[in-house]
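Chemist: All chains, please: the whole structure from these sequences, using the hints.
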Amino acid sequence: MPEPSFLISDEPTELSISLLVGSLKADSATKAVNPKNYAHRARVIRQQTELLAKKVAGDVAEKNQQSAKIIRKASRAPDHREEGGQG
1 MPEPSFLISD EPTELSISLL VGSLKADSAT KAVNPKNYAH RARVIRQQTE LLAKKVAGDV
61 AEKNQQSAKI IRKASRAPDH REEGGQG
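Just so you know, we're using the numbering used here here: the sequence shown kicks off at 1 and counts up by one.
Honestly, the hints are just simulated from the structure, not real lab data. Keep in mind that the hints are not guaranteed to be accurate.
[Claimed, not checked] Straight-line Cα separation of at most 27 Å, DSS-like style, residue types lysine-lysine; simulated pairs:
| no. | residue 1 | residue 2 |
| --- | --- | --- |
| 1 | 25 | 54 |
| 2 | 73 | 63 |
| 3 | 55 | 25 |
| 4 | 55 | 69 |
| 5 | 69 | 54 |
| 6 | 25 | 36 |
Modeler: Here you go:
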């Protein structure tokens, strides 16, 4: 009986990549994968790993950018519009 398959979302995660690696290792150990299939699956794993690395790097850059914006805004002189109107 084959192992149950799992769904891969459009966004790679560490778990999905580790499942792909584990599945490929298991199939390779039992000789259940031919060289052409192995090469394809290894390429998919590399691509998913690269996509995850880019996503993580983008998230970190965005977080740093937001932090820098908050710091710049905090260091500015107060804006008269933020102080409320005079009546």
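Chemist: All hints, please: hold or fail.
Modeler: Each hint tested on the structure:
1. For the hint pairing residue 25 with residue 54, the CA-to-CA distance comes to about 25 Å; that is within 27 Å, so the pair holds.
2. Distance check on the hinted pair: residue 73 and residue 63 sit about 15 Å apart at the alpha-carbon level, within 27 Å; holds.
3. This hinted pair checks out: residue 55 and residue 25 have alpha carbons roughly 25 Å apart, not beyond 27 Å.
4. Between the alpha carbons of residue 55 and residue 69 the distance comes to roughly 21 Å, so the proposed pair stays at or under 27 Å and holds.
5. Only pairs whose Cα atoms come within 27 Å are accepted, and residue 69 paired with residue 54 is accepted, the gap being roughly 22 Å.
6. Only pairs whose Cα atoms come within 27 Å are accepted, and residue 25 paired with residue 36 is accepted, the gap being roughly 15 Å.
Comparing the model with each earlier hint shows no violations; every hint is respected.
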